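Go by the hints and put chains B, C and D onto chain A.
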Amino acid sequence: MTQNESYSRPIPLLAIVLVALAVHGPLLLMQLPSGSFDANFHIFLASHYAHHWFNPWNEKWFAGFSQTAYPPLTHQWIALVSNVAGLKMAYMIVQLVAVLLLPVGVFRFARIWVDERSASYAALGSIFLGALAFLIYQAGQLATITSAALYLNALPYFYEWSTQGSGRALIKGIAVSWAAAAAHHVTLIFGTVLFAGPVLWVICMDALEGRTKGSLAGSVSRAVLFAVLVGGGVGVVLFPYWMTLIQHPIHQIPIPHDSRANFLLNSITAINYFVIPYGALILALPFIVIRGASVRRLRPLLFGFWLTLIFGLGGTTPLPRWLLGRAFEVLTFERFTFWATLMAMPIVGLLAVELLDRFRAKAAVALSLAAVGTVGAALAWLTANPYRPAATVNVNPVIAFLNRDGHDAYRYLTLGFGSELAQVSTYTNASSVDGDYNSARLLPEMTHYGSAQLTNAKFYGSAGMASLRAMLEHANRYGLKYVFVHDSYYEPLLTFVGWRKTETFDNGEITAWSKDDVPPAHRIDSDAIPTAFMGLLWGTLPIGVSVSAIFLVLLLPARQPSRKAIESHREVSEPVRDYVA
Amino acid sequence: MKRTLPIVILIVAVTVFLMFLGLSTGRSAGTVGIASGVALPGFNSSAPNPEQALNNFLLDVQRRNWDRAFSSVERTSDTLNEQAFIQEWVGSNGGLRSFSSLERFDTRPLHATSSEAQMRARLHWSTPVGPVEDVRDFHLAHRGDTWKVIWDETPKPNVPAQIVAVNYLRWDLVTGTAGEEWGAHNVDAPNVRIVSMNAVDSAEGAVVMGEVVNEDTIPAFVNVNATLVDGSGSAIDDENSFDKILHVLLPKQVTPYRIDFPHVSLSKVKNVRMDVKATLVPASSDPVIGVMNQKLETDAQGHSVLHGELLNESGQTVNIPHVIASFYDNSGKVVWVSDGYVEQAMVPQSTESFAVEIPQSVAGKVQNFHVVVNQYSLQES
Amino acid sequence: MSSSINTACKSHKVHGALVAGVFICLAMVAVAQEAPLHVPSNAVAGQAASIATTGGGSATFYLVGPSISFKQDVELGQNIDLTAKELQTSGDYVAVLCTGTCSSARFFVVPGKAAALTFLVHPSRAPVGLNDVINGVAFPFDQFHNLVLAPATVQFELTAKGSAPTSRRVQTHDGIAWFRTSSGKSAGALQISASLSDLVARRVVQQVASDPCNLRIKGQRTAKGILVETEPVRDCSGNPVPDGTIVTFTAKDGHEVSFVDAPVKQDIARATMVAKGPVVVSAASGVATGNELRLGGKE
Amino acid sequence: MKTDFRYMEHHSQVRVIATIVLVLLSSSALFAADNSPQVTLDASKAGPRSVEVLTQRAIVRDYKFAWTNLDAALESNSASPLNGLFAGTANDWLRQAVSSQQRSGIISRYLNQRHKLDAIFYAPAGDVIELHDTAEYDFEIHDGGKTIHNDHAIVHYVVLMTPGADRWVVRQLQAVPQF
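Residue numbers (the numbering used here), protein chains in the order written: chain A, 1 to 581; chain B, 582 to 962; chain C, 963 to 1261; chain D, 1262 to 1440.
One chain only, chain A, in its complex shape (with noise of 0.2 Å):
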C-alpha cells in the first residue's frame, strides 16, 4: 500500500482503541491518577461498596451520609474489581476501560456528521484531548469521563432507531443511556440538551429529506419514544437518587469555584480551565466555526459545540449564570470544556482528512505533533499548575493511630490534607465530620457557611474558617477527639480554642492534635439513612443496567450502516470503503 493509499484509507477502530491503549495504559498502570483532586473521592466510596453493597448509608463522612447522593455505577465496578485487583488498581482499570470506550463514542458519534474516514481521525484525536488528561490525571472526574463515552455511544443508536425505526438499535440505546445516567447524573441532565439536541435536529433534517424511514413525524415520534423510555428508565434506576435530591435539597451556601471565575480576569484561570484542556484545538476553532456553518448538516453540532464551550467559560460571560441561576453556583465548569471538546471533533476529523489530502507526510506530521503536543502539555501543567493538588502525603500513620487502642470510638478531622483525606477515610474504621462531596452535608455547621471541605478551610477565605470554627466548637457533639494537621497555619486556632498537639507523624510532616474532655463518639440521628430497600434497589438496578448493556451490545451487533454521510468537503480519487465497529 503507497504512502497516498495509506491517508485516503479510514483508520480501523481497533487500531484507534490500540493507540489509546498505547497513550493512557502506561500512565494509568503508574497509577498517574492517585494524585488527581478527586480519584481519592472515588476510591472511598466504592470501599464503602465493597464492604456494605447494599447500605448506602455511610458513616465514615459528615457523621453520616447516604452514598445514594451520588450515582454510583463507576464505584460499584471499582469495587467488584478490587476483590482481584485492589482498590487503587480497580479504579485505574476502570478508568482505562473507560478511555478506551471513548474513541469508540467519538468515532461512532462522529458517523452521524461526517464520512467514516474523517470520523476515524476525529477518534484517534480524541485520544490526545487536553481535557481529557486534565480530567483524568488532574480532577481525576472517573464518573464524568464513563458518562461521557457511554453517552456518546448511546447517541448513534439515538439516531439510528429514529432515522431507521430499528428496534436492536432502540434495545441497545435505552440500555446504554441508562448506564450512562448510573454513571455520572450531570453528564445525562445537561447532555439530553447540549448532545442529544443537536442529534435531534439532524435526525428532522434528514427526515425533511427523506432520508429516514417514515415521515417526519414518525421520526419525532421515535425520538419521543426513545427519549421518554430512557427518561422513564433513569427515573427507576437512580430511584434512591432522586428520592435524597427531594428529600435533602442542596441548601449548601455557594462555595467558590475556579471554573467560575472570568478567564479574562485571571491568567492562571484561563491557563488551567481554556488553554489546556483545549490545546492544539484553537488553532482549529476558525475551521470548526467556518466549516460548520458553511455545510447544512453540520450547523446544529455547531451550535450544540458553541453552547457547549461558553458553559464552558464559566463566569467569562453572564450567560450560565442567566441560565442555570442558582444551580451556576452549585456546579463546576471545566466538565464544560471537556464536552465541547468532544462535539468539535467530527469537523476536526475534516480538517484532518483535508489536510492530508492536501499536504500528505507534512500534515500528518504537523497533526500528530498537535496531538502529542496537547496531551504533552496538559501532563506537564500538572507539576507547574498552582490549583494542583499540593504533594501527597504520607497518610499511613494517621490511619495506623485511628486503627489503634479504640481511637475509632472518636471522630476525627484532617487539615491541609487536600484529596488525601478521602484515602484515610478509605482505610480506617474511625468516622469523621468532614467529607469530600459537598452536595452529601447535611451538618449546619458546613451547610451554613460557604465553603468546601474543612480540610481546605483556609483556602475558603473567612467563611472556610468560620465554618471550621463552629465545628470545633460543637466537637463533644460530634465526639471530635482528634485533629491531623499538616499545615501549620491552622496550629494557632487548634492551641487558641483548646486542642493539644499530642503525636507527630513522620518527622514533623503532621501533627495529632487531641481535646481531653470528649466523650466517645454516638451515631447522629438522620432522616437521610436509606430504608433497606432503597439499598436493595441501589445495589441492583445501576449494576444491572451496566451488565445488561455489555449483553446487548454484544449479542446484537449492529447491522450493515444502510446510511449515506457528508462526504468530505473535496472528493476523493480513492473509493470509501466502510469499516464496521
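By construction, these hints were calculated from the structure, which means they are not laboratory data.
Since the model is a prediction, treat every value here as computed from it, not as a measurement.
You may find that some hints are simply not true.
Stated by the list, open to error - When the alpha-carbon atoms are kept at most 20 Å apart in a straight line, the in silico SDA-like pairs for lysine to any residue are as follows: (1) B/K858 with C/P1085; (2) D/K1407 with C/D1035; (3) B/K858 with A/D516.
Said to hold, decoys possible - So the derived label-pair ranges between C-beta atoms look like this: (4) D/R1356 with C/T1115: 32 to 38 Å; (5) C/S1148 with B/G812: 37 to 43 Å; (6) D/D1427 with C/L1189: 18 to 24 Å; (7) A/I282 with B/K583: 25 to 31 Å; (8) A/P249 with D/R1364: 50 to 56 Å; (9) C/V1162 with A/G508: 55 to 61 Å; (10) D/A1426 with A/A227: 53 to 59 Å; (11) A/A400 with D/N1296: 39 to 45 Å; (12) A/G197 with B/S696: 56 to 62 Å.
Unchecked claim - Just a few of them, taken from the derived set where beta-carbon distance is under 10 Å, the chain D residues facing chain A: (13) K1306; (14) A1307; (15) S1311; (16) G1345; (17) G1425; (18) D1427.
Glycine residues also receive a C-beta, built at the ideal position from the N, C-alpha and C atoms.
Okay, now just chains B, C and D, sitting in the frame of chain A:
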C-alpha cells in the same frame, strides 16, 4: 454557502458581546490565598482616578503580585526596599498577619483635589483565628495621566542583637508504664474551681461568663462547658468556652471564660449546669507578658474600648498574643468578657498595643477590669 | 439446685400456659426426680471439680459460666471432670445434660485466696494542714481477678519525713477496706502502704504548701521601669509555695493600670512594670494580698 | 350501584385487615417495650460518701444500658455491643464469654430482667462505687436453635462501677451465692 458568513459573524459577535457583558457584571468569588495570575493583556484596568488606582494596588496585594504592587507605589524614602514593603503586608516573626490573606477591601475617599487625594480603606483579612478588619488611610498623588499610591511607611527599627537570660520553669508529664492496671497510676487531675458565674442576654443570644482558678500546685489545662436547662429539666443547648479562655493555668492563676449560646434567650432557661474539665499537661512558665498602661476610652466611632500595651518580659518570641479582658461592676461581679488578637508578633522585651471593645449595653456598669494574655508560639507548638 | 426447674414450671402457670404446656412440665418434673447430674457444692476458683451423673448411654454436656461456655459428649454414669482453667472465674455456672430432653443445675464458684491488692489513694497532691483530706480504698483480689469477699484484715501505714509513722488495721466488708486521714503540717512526700498478709501495695501523696500567706513586696525604679519583687512566698505553716505559683502585680498610675502575672521562681516572684508618674504597686496570689508600695514619679 | 357496593365491600375488607395489622404491630411494640431491663437503686445505706441525685440517675441509666448490651452481645455472639460500657475484669470476662460461645455455637439470653440495686460503698473521692444487685431474669441457653435450658433465676451480683469518659462503667460483675 450563502449563509456561512452570516452564521460565522453571528457566532463571533454574540461571543464577543457576551464576554464584554461578563467583564461588566460582578466577579464570582474565587479561592483565597493561592498565588493567582493577573488579568490577560489588554484587560487590566488603568488608573484614571484615585479610587481605581487604590483598587488596582489592593488587588495586586490581595493576589500577592508583590512586584507589580511595589512598582505601582511612589516611595517617599529610598530606605524602604521591596522586602520591607512585602514585610509590611505579610507581617514578620510568624505573627498573625503572616498567616493571613487579604480577602476583600472597601475604599472610600476622605478628600481629594486635582493633584492629590486621601483615601480610607477597610481591609478584611482572613486569619486562622477568624476574620480581622483593619482600617488604613492611603495618600495618592496625580502623576501625569495616572494616580500613584504614596508609600511613606517608615520601616520598623531593627532590634539590636541582645543576650536575654532565659531561666524559666518547665513542667513535663511522664505517663506511667503500668498500662491499664486499675488504680496503679492514679495521678489526679489538677484541682480547678469555677469561682464566679454570671449569665446575661446579649444581642446575639445568651452569654455565660465568669472566672476559673487553678487551686493546685501544678499547671492545669482547662475547658469550661455549660448546659442550659429549661423548666422540664431537658437541655436546651450546650456550648464551651472555646477560645474565650486561657487554657493553660499555672498554680493560683485565674482566667476569665465566656460561653456564647447563639439565638437562645435566658427567658427560657431555668438553670445552667457548669462543668470544668482539667487535665495534666506539660507547660512552661514563660513567656511572661505584662499588660501596661491600660485605660478605658471611647474611640473615634464612639465605642467603649479598653486600650493598653503588652510587654514581652521573657526571652522567647510570642507569635500571636491573644488578650482576654474581664470587666467587673462595683460589686465585683463579672459583667462582660471580651477578647482580641494582636496582629504583630512580639520579640523579647518589645511592646505592642492592643484594644478590646466593650458592648454599649455593659460599658456603663464597668468599674474595674483584669486582663490575661494567652499566646501561641511556633517555638513551643 | 433442681428446685429452680420447678419454679420455672410454676411461673409458666402463673402466665396462663396452655393445657399442653402443663403436661410437658409434669413430664419434665418426673425426669428431674431422678436428678441425672450432681453439681459440686463448694467449688473454688482455679481448682478442678467434677460433676457426677447417673443412668446410662451417651449425652451432651453443656457448661455456661461468667466467662466460659462449652459443650462435650459424655457417657452417663461417669463423672464429668471440670479443669481448674474452666473454673477460674468466680460466679454462677449452669450445667446442662441433654439426652433428647435436657436437665440442668446451677452451682457457684467462690473466689480463691487473696493474691493481689488494688489500692486507690487520693488526692495525689494534698495541701498541708487540712482535715480528712487524704483517703484510701483497698480491694483484695485472687490470682484470677475475682474480688475476695470473705472478711480479712488490711493494715494501712502512713510515713512522712520528720514525723512518726502511723498505722491502723481495718476489716474488709464486701471486699473493701478504706481509711481517711488529715494532712501533716510540713510539705513533702507521704508514703502510704496497704498490706494484707504478705501482699503490700504502696502509694505516695505529695503534701504541698497551701495558699500563700502574708505576702510582702518591695521594688525600685530602674532604667526599664519599676522592678518589683516579693519576699520569699510561704504558706501560713511556713512552707515555701511551689515554683510556678502565679503572683499578680498591679500598678496604678493615675487612670492607667498595669498587671503582670509573674511566676514564683525559687520562692520569689519578680516583674518589670512600666509607669511614668507616681504609682501604687500591690500584689495578690490565690486569696492572699500583699502590702502596697508607693513610688514617686520618674525624674 | 352494584359496582359501587363491591367497591365498598372491598374497601371495608382492606380497612379491617389494616386494623388487625396495626393492632399486632402495636402489641408487639408493647411487648417489645417489656424486654428492656427494669433497674431500681437504693443508695440510702451508701458510705462513707453519700451518692448525689445526678450520680444515682447516671448509675441507673448506665447499669441498665450495660445489661441491655450484655444480653445483645451474648445473643449475637459479637463483642461490639460491649464497647465503652465495661472495663477491667468485667470487660475481659464478657469478651471471653462471647468468644467461647462463638466457638461452641451456644447462645445465651437474659430476658425480662429486673435489677434491685443497693449501694453499699461509695469512695470518698467518688472514683468507685460497690453495689449489691439482686437480679431476676429468665435465663435461656440455645444450641443450634434448640432451647436446652430455660429457667427463671434470681442471682446476687457484687458490682463495682467506676466513672468513665462520659458514663459509669461496670468494672466487676461477680455472682455470689448470697450477700
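A quick look at each hint next to the structure:
1. B/K858 with C/P1085: Satisfied, since the Cα-Cα distance of roughly 17 Å is no more than 20 Å.
2. D/K1407 with C/D1035: Given pair D/K1407, C/D1035 holds - Cα atoms ~17 Å apart, limit 20 Å.
3. B/K858 with A/D516: Judged against 20 Å, a Cα distance of about 8 Å means the pair holds.
4. D/R1356 with C/T1115: 32 to 38 Å: Holds: the Cβ-Cβ distance is about 34 Å, inside 32 to 38 Å.
5. C/S1148 with B/G812: 37 to 43 Å: The hinted range 37 to 43 Å is violated for C/S1148 and B/G812, with Cβ atoms some 52 Å apart.
6. D/D1427 with C/L1189: 18 to 24 Å: Since D/D1427 and C/L1189 have Cβ atoms about 49 Å apart, the given range 18 to 24 Å is violated.
7. A/I282 with B/K583: 25 to 31 Å: Hint holds: Cβ distance 28 Å, inside 25 to 31 Å.
8. A/P249 with D/R1364: 50 to 56 Å: Roughly 51 Å apart at Cβ, these two residues keep to the hinted range, so it holds.
9. C/V1162 with A/G508: 55 to 61 Å: violated (45 Å)
10. D/A1426 with A/A227: 53 to 59 Å: The hint (53 to 59 Å, Cβ to Cβ) holds, given that D/A1426 and A/A227 are roughly 58 Å apart.
11. A/A400 with D/N1296: 39 to 45 Å: This hint holds: roughly 41 Å between Cβ atoms.
12. A/G197 with B/S696: 56 to 62 Å: Holds - the Cβ-Cβ distance for A/G197 and B/S696, about 59 Å, lies within 56 to 62 Å.
13. K1306: violated (31 Å)
14. A1307: violated (26 Å)
15. S1311: violated (26 Å)
16. G1345: Because about 5 Å separates D/G1345 from the closest Cβ in chain A, which is inside the 10 Å limit, the hint holds.
17. G1425: holds (9 Å)
18. D1427: holds (3 Å)
Hints 5, 6, 9, 13, 14 and 15 from the list above are not met by this structure, while the remaining hints are.
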